[in-house]
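Participant: Next come the chains, spelled out residue by residue.
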Amino acid sequence: MDFTYTLLIPLLPLCLFILIGLTGHKMKPAISGLIGTTGMFISAFLSYYTAYQYFFNVGKIDGVYQKIIAFNTTWLNISDKLYIDLGVLLDPISVMMLIVITTVSLMVHIYSNGYMKGEKGFQRFFASLSLFSFSMLGLVMATNIFQMYICWELVGVSSYLLISFYYEKPSAVAAGKKAFIVTRFADLGFLIGILILSFTTGTFDFITLTDPNGPAIAQGGGIAFLGLSTMTWSLIFVFMGGAGKSAMFPLHIWLPDAMEGPTPVSALIHAATMVVAGVYLVARLFPIYAISAPEGLEVVGYVGAFSSLFAAVIACTQFDIKRVLAYSTMSQIGYMMVGLGVSGYGGHEGLGYMASMFHLFTHAMFKALLFLGAGAIIHAVHSNVMNEMGGLRKKLPITHITFLIACITIAGIPGFSAFFSKDEILTAAYHHNKLIFFTQLFVAGLTAFYMFRLYFRVFWNKTPHYHHEPHEASLSMTIPLIFLAIASIFAGYIPFSELVSSDGIPFETEIEWWPVAIPSILVGIFGIGLAAIMYMKETTIPDKMSNGFNFFYKWAFNKFYLDELYLFVTKKIIFNFISRPVAWFDRHIVDGAMNGIAWVTNTTSSGIKGLQSGQLQRYGFVFVTGALLLVLLFVYILG
Amino acid sequence: MDILTLFVLVPILTIIGLLFTKDFKQVRLVSMLGMGIQLIQAGVLVFLYLAERKAGNMAQMLFTQDYMWFESLNIHYAIGVDGISVAMIALTSVVVFAGIFASWEVSYLSKEFFISLILLSSGVFGFFISLDLFTMFLFYEVAVIPMYLLIGLWGSGPKEYSAMKLTLMLMGGSAFLLVGILGIYINSSPAGGALTFNILEIAKITIPIEAQRIFFPLTFVGFGVLGALFPFHTWSPDGHASAPTAVSMLHAGVLMKLGGYGCFRVAMFLMPEAANELGWIFIILTSISVVYGAFGAIVQKDLKYINAYSSVSHCGLVLFAVLMANKTAMDGAVMQMISHGLMTALFFALIGMIYGRTHTRMINEMGGLMKVMPFLGVCYVIGGLASLGLPGLSGFVAEMTIFFGAFQHVDTFHRVVTIIACSSIVITAVYILRVVGILLLGPIKNDHYLELGDAKWFEKVSTVSLILAVAGIGLAPLWLSDMIGDSLNPIIDKITSIL
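Quick note, the sequences are listed as chains A and B, same order.
The numbering of the first sequence is our numbering, which starts it at 1 and goes up by one.
The numbering of the second sequence is our numbering, which starts it at 1 and goes up by one.
Honestly, the hints are just simulated from the structure, not real lab data.
Owing to the predicted nature of the structure, the values given are computational and were not obtained by experimental measurement.
Label pairs and their in silico Cβ distance ranges: (1) T601/A <-> S107/B: 34 to 40 angstroms; (2) H448/B <-> G607/A: 50 to 56 angstroms; (3) A476/B <-> Y561/A: 45 to 51 angstroms; (4) V410/B <-> G415/A: 57 to 63 angstroms; (5) P190/B <-> G607/A: 43 to 49 angstroms.
What the simulated footprint calls covered on chain B by chain A, stretch by stretch (three residues with Cβ under 8 angstroms from a Cβ of chain A suffice, anywhere in the stretch; the number is not a length): (6) 290 to 303; (7) 390 to 404; (8) 410 to 422.
Ideal Cβ positions, reconstructed from N, Cα and C, are used throughout, including at glycine.
Go ahead and model the full structure; you've got the sequences and the hints to work with.
Facilitator: Structure, rendered in structure tokens:
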């Protein structure tokens, strides 16, 4: 089976980017939208076809899923043994990601045709979406870590372009800048990680790097620094890059601000695809993490668990619906990181790995649904703030039902997809690390609470006075909602462990009702119930609660003041304490020295220039005086 | 007539042609023609060079010519090119071509302006084809002197001060350089026999280490002044700020590259032992340049100052990579020279165009320009993205090659300074996005900007030719990297032979 055609999957969006980017301003907006959507549809179709072929026809040899290099070309030679390839790697997780990206991207394309209608820069929006789709597809299909880094930077810049889409709005510009710089800082870690990793192993290639019997893993540690091996350090640095993109604590601060972008962008980039790139990165390198750098994997697990809890607490206090969803995304990605962190390598040991990928898949569906639903709400009421909403369930029936499905899914109610994926993660955590298990169980309760707080506040509660009567969105917006709602329900029934596993060998899983599933269902229902009491009708309980926990509530509401810390570091430290002094030093000390030399030369020369006045009588005077002095000298002193 | 001499001859013929022009329109027509021919020639040269290499000609220098010029001192007019010089020549012709279009509307003493500009470029071309240290130095001076007139006459702001400062500092560098070159010359035949200025001849012998210890720093600093080596870089901000657009483009785009080129062609190639011994001092200085320049750029308010400090940072990386003395890093150094030459020329061209419309270069007096001049705005963003190392544009390729090359060093010192230099990618992002955010995005601050027009056709020619080159290298870097890499072998062999 020849998979070379898979090259088209990323190249098609690239061509669309170039086409719409260069000629878009001459097109009618609707045409550019149509071209973009059609192109994405073809990409999605090819991805589904590839997935079918890969998983059910040719991917498995002797019961093991193979890694297939469908295409490869050398892009740049770094040195005799290091070279950068661009290519297409097909294996279970990359094929799964193809499905996730093209599905969500296609839905977002369709949705945007309605949502962005009449916006200035419609064509620019579609061009950027295509650029993003290309880079993200290139990222997941990368054959080597450097190609991944290349695409990593490209998704970063497409994210920047889309966050600052409303470029006349200062807050959008600032948010884009913040997102780019924070992730860029994380990418510095990624780059250093790659430098060390390629230096110790001599390769960028994923297949060589992750082969459990290969040279890279066999080589093991090397020199130790602070008790950890070189390999561990390099992987921790690589994870720093992943944590930046995936908004893990403390590099998450850009994600809530990124909600300044148009809502479809938040759905695609900041919920379903780009932000899980960090999870994908760790999963991609998983065998090295698991075998050569278990300490690195511990770091992944704890960072994930803490971020998950941290974000869930903040989500309970926010009023902007997109920000609630943003923190929810961070919290759910924390789950995925936990899944990887508590996983072992091979067979049933690799349950966490499988669960993490499973959750990534289901999360992409229900979170995209939540964001697109939020977009429909915002479109209808022209506000992001939940206090200005209420009683929308009659007015937006389709949005209401689909949103409810998404909320039930994320709360982990049995039968819906996230129940299965979240439970696998909890099971893996239970067998590996009890502390993380109980944290995640608590977070599951919080998740149900804050999602239903949002749901009841928006769709039930008191109906405020609306300036424009809210009405249901157009067909191009509701169709993606319905599609994603169906996917959110049924994605859980995919036998994931038979398709994706840490070593490529399918294995069996079953739900552990006790002590994992039943407690998690109970905390979920408890969270929903609490939210129903507090927010279904207008009550004073929320205010009493926030007053009761005043101190803690204030901290959480202000996101634990991390934004202030960020501002302090950038504005005060970098700007005022480093850059200004550097600039001053340069102008006054370094340049001052140069001017000083010039001044000394000038002064000296003006001091002695009188000697060459050109006046003959003066020369004569000096000559005669000098001669006389010499004569006196000879006669009186030497004589 | 050999093709290399044509590169000096065509500019001179253009200058002669310019002397006979009658009005402003003829002036720019002749200049455009001359430099257009030069650009085509450069394309032909690249093609011929690659064909020759493919045919199996592995001599270090191709198309060599050698004429005795001044017999008693054994000075020759010796020329020849390898992949590196070919790449630099191609860079120069693109930048000069774009520069002519960027100065399309210079009407004050236009004839004299274009003559000086083209004279400058002929010096640069001559420098890159020279194999004889003396003629090389001569062409170097030919390139530096017109700069004084160009800034002093057509500049803006405190132009006399800046012109004087720039020329004097570069002349100071030249003084070091001259001593360095003479030092190499008198030591060029330790076994006795005729002394020589020819680089290839000198490379065959080993200059006594005592002499190297004196003349390596002199030569390196001499060229380093032009390559913005900390702390000899301060001519750059003032000089650029006062220089007219095309001069900034040529100066930052090409002239600063003479420094980097000279550093490895003369200092590293001829005196590798001293480079090995004393390199660490300069590695520290260049690492400072890289980070310091980037931090310096963060707080600047004048667009040209931002770009000047950014150039200090990027050119610092060139010298940094040259000092790493391995093939990958040096390959990266040459690519960084080309990449920086193109994108900085693009920046200065755009700054000139924006200044021509708004009559200010202070970023906080502008804002929201993307709305009124989308073409120039998008070009500026592309330039910015190239500068902060976005994959697909040339800066990324060059920087990554440098970082990976430098990190291949076995000792920790080199690896630690590499990581320090790497951190510049974050700082670069900070100042680039700051400028883009303040200058182009956000609401429009000044209502009369709403009436400003977007790019005219000649401005489009200028920027698009540079962007095409930047993107071309960024998308398909392999041929360039191989062309440079092959030519580096003799230099690397010479350097490694001493270890």
